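Peer 1: Here the sequence shown stands for residues 182 to 319, where the numbers follow my numbering.
Warning: the hint list may mix true and false statements.
Between beta-carbon pairs, the in silico distance windows are [claimed, not checked]:
id	residue 1	residue 2	range
1	Gln264	Ser307	17 to 25 Å
2	Glu287	Gly214	45 to 53 Å
3	Gly193	Arg285	43 to 51 Å
Straight-line distance between alpha carbons at most 25 Å, and here's what the computed PhoX-like set of lysine-lysine pairs gives [said to hold, decoys possible]:
id	residue 1	residue 2
4	Lys265	Lys299
5	Lys244	Lys299
6	Lys267	Lys239
Note that these hints are calculated values from the structure, not bench results. All of these numbers come straight from a predicted model, not from anything done at the bench. Built from N, CA and C at the ideal position, the CB exists for glycine as well.
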Amino acid sequence: MTVTVNTVSAEGFRHSVQIDDHELFADVPKTSGGEGTAPEPHDYFDAALGACKALTLKMYAKKKDIPLTGVEVEVTRDNSEEQKGKYALHVELTLKGVLTDAQRDELHRVADRCPVHKLMTTSDISIETHLSEGAFSQ
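Build out the structure end to end from the sequences listed, making use of the hints.
Peer 2: If you want it as structure tokens, here you go:
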């Protein structure tokens, strides 16, 4: 899987984001000089956590025959201290379906074990950036 990001126009900040057969867009807010026409990168970071929790819960419930009919995940960020290395995400889960207290507790525990949550909280991530060579890189 490769993610490819390309500038849409030389004047603005809007970019297309191609992920396999899916196209998304990213922009910066108007307050930062963008047009605000699409989510900013931080939004996608936060959304990845919410989507992973919802999908993990649905898959787990299906596997364990837990009558979960839906999940709502609300992710709120506090990036007020991001420059100091602190980025806080607050997650509120709404579990839908006729569930026992034990099932709700089990799903709550599972939500914090979704792959993206673990990636964000326990992984040592390495990023290497290289310049491409060729006619278009000049």
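Peer 1: Quick one, are Lys265 and Lys299 close enough, alpha carbons at most 25 Å?
Peer 2: holds (22 Å)
Peer 1: Lys244 and Lys299 were given as a pair; does the straight-line alpha-carbon distance stay at or below 25 Å?
Peer 2: Cα-Cα ~21 Å, so holds.
Peer 1: May I ask you to test the hint 45 to 53 Å on the CB atoms belonging to Glu287 and Gly214?
Peer 2: This hint holds: roughly 46 Å between Cβ atoms.
Peer 1: Given the hint of 17 to 25 Å, check if Gln264 and Ser307 actually sit that far apart at their C-beta atoms.
Peer 2: holds (22 Å)
Peer 1: Taking 43 to 51 Å as the hint, is the beta-carbon distance of Gly193 and Arg285 inside that range?
Peer 2: Holds: the Cβ-Cβ distance is about 45 Å, inside 43 to 51 Å.
Peer 1: Can you confirm whether the C-alpha distance between Lys267 and Lys239 stays at or below 25 Å?
Peer 2: violated (30 Å)
Against the hints set out earlier in the document, a violation occurs for number 6 only.
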